[in-house]
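In order, the protein sequence lines correspond to chains L and C.
Note that this note's numbering gives residue 3 to position 3 of the first sequence, counting from 1, and the numbers run on in steps of one.
Note that this note's numbering gives residue 200 to position 87 of the second sequence, counting from 1, and the numbers run on in steps of one.
Treat the hints with care, as some may be off.
[Said to hold, decoys possible] Rough simulated footprint, nothing fancy, chain C against chain L, three-plus residues with beta-carbon under 8 Å:
hint: 1; stretch: 19-32
hint: 2; stretch: 104-113
[Stated by the list, open to error] List of simulated lysine-lysine pairs, DSSO-like, C-alpha gap at most 27 Å:
hint: 3; chain 1: C; residue 1: Lys154; chain 2: L; residue 2: Lys57
hint: 4; chain 1: C; residue 1: Lys154; chain 2: C; residue 2: Lys170
hint: 5; chain 1: C; residue 1: Lys181; chain 2: C; residue 2: Lys170
hint: 6; chain 1: C; residue 1: Lys150; chain 2: L; residue 2: Lys57
hint: 7; chain 1: C; residue 1: Lys208; chain 2: C; residue 2: Lys181
hint: 8; chain 1: C; residue 1: Lys208; chain 2: L; residue 2: Lys57
hint: 9; chain 1: L; residue 1: Lys11; chain 2: C; residue 2: Lys181
hint: 10; chain 1: L; residue 1: Lys57; chain 2: C; residue 2: Lys116
hint: 11; chain 1: C; residue 1: Lys116; chain 2: C; residue 2: Lys153
hint: 12; chain 1: C; residue 1: Lys180; chain 2: C; residue 2: Lys208
hint: 13; chain 1: C; residue 1: Lys208; chain 2: L; residue 2: Lys53
hint: 14; chain 1: L; residue 1: Lys11; chain 2: C; residue 2: Lys150
Don't read these hints as lab results, they were simulated from the structure.
Quick reminder that beta carbons are idealized off the backbone N, C-alpha and C, glycines included.
Residue strings, one per chain:
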Amino acid sequence: DAGITQSPRHKVTETGTPVTLRCHQTENHRYMYWYRQDPGHGLRLIHYSYGVKDTDKGEVSDGYSVSRSKTEDFLLTLESATSSQTSVYFCAISEGLPTDTQYFGPGTRLTVL
Amino acid sequence: EDKVVQSPLSLVVHEGDTVTLNCSYEVTNFRSLLWYKQEKKAPTFLFMLTSSGIEKKSGRLSSILDKKELFSILNITATQTGDSAIYLCAAHDEKLTFGTGTRLTIIP
Numbered sequence: 001d002a003g004i005t006q007s008p009r010h011k012v013t014e015t016g017t018p019v020t021l022r023c024h025q026t027e028n029h030r031y032m033y034w035y036r037q038d039p040g041h042g043l044r045l046i047h048y049s050y051g052v053k054d055t056d057k058g059e060v061s062d063g064y065s066v067s068r069s070k071t072e073d074f075l076l077t078l079e080s081a082t083s084s085q086t087s088v089y090f091c092a093i094s095e096g097l098p099t100d101t102q103y104f105g106p107g108t109r110l111t112v113l
Numbered sequence: 114e115d116k117v118v119q120s121p122l123s124l125v126v127h128e129g130d131t132v133t134l135n136c137s138y139e140v141t142n143f144r145s146l147l148w149y150k151q152e153k154k155a156p157t158f159l160f161m162l163t164s165s166g167i168e169k170k171s172g173r174l175s176s177i178l179d180k181k182e183l184f185s186i187l188n189i190t191a192t193q194t195g196d197s198a199i200y201l202c203a204a205h206d207e208k209l210t211f212g213t214g215t216r217l218t219i220i221p
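Just chain L, with the same shape it has in the complex (with noise of 0.2 Å):
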């Protein structure tokens, strides 16, 4: 399996308030991305980074930011969090170019109550 640790890997909380969610590689993979899956949606990008400092949205980015500010982790904040944010979040990261495969982690769910 690839080197990827999220933390923490359930959390309940409270609408309005701020989470932040870790993703954490030892591959040393240049490229990281956040994703969301939801029951007939399927996973969908949030945001990814193709380097430290560097980081671009997906398609579902509204309500979330991100950060990298080294290469083997990228943060997930959801600034005040709301219910329509419940969901499970994975993390996956690739190698060194956008289309290589991409292997993903453990997954987080989240509760917003």
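Fit chain C to the supplied structure of chain L, relying on the hints for placement.
Quick look at chain C alone, frame taken from chain L:
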């Protein structure tokens, strides 16, 4: 807008049967088609297909791509209960666009 459609949405078969899962795609600058298996955790990579007509095979699983008709199939022969999972396909241009998956259930 890029789109990936998988069929059927769900499938229930008996152990030992052969199944075929379908994936059609419309993406602007197609590079590759990927298949993943998802059990109760992260999607795990199965195949990447870039060329038409060349079958990729791994044990009882195989997959092929048709770039003219814009689809791919995933075949599983002699199914086992461990094959029960959601199978995802994704089309790659500058990013991955995923289908919603096929839920496969194998009955012993």
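Against the structure, the hints come out as follows:
1. 19-32: Violated, because only 0 residues of the stretch 19-32 of chain L bring their Cβ atoms closer than 8 Å to Cβ atoms of chain C.
2. 104-113: holds (count 4)
3. Lys154(C) x Lys57(L): 25 Å, holds
4. Lys154(C) x Lys170(C): Between Lys154(C) and Lys170(C) the Cα gap is close to 24 Å, so the pair holds against 27 Å.
5. Lys181(C) x Lys170(C): 21 Å, holds
6. Lys150(C) x Lys57(L): 26 Å, holds
7. Lys208(C) x Lys181(C): Roughly 21 Å separates the two Cα atoms, so the pair holds.
8. Lys208(C) x Lys57(L): Holds, at roughly 11 Å.
9. Lys11(L) x Lys181(C): 45 Å, violated
10. Lys57(L) x Lys116(C): Distance ~18 Å between Lys57(L) and Lys116(C) Cα, so the pair holds.
11. Lys116(C) x Lys153(C): 25 Å, holds
12. Lys180(C) x Lys208(C): 18 Å, holds
13. Lys208(C) x Lys53(L): 19 Å, holds
14. Lys11(L) x Lys150(C): Given pair Lys11(L), Lys150(C) holds - Cα atoms ~25 Å apart, limit 27 Å.
Violated hints, listed in ascending order, are 1, 9; each of the other numbered hints is respected by the structure.
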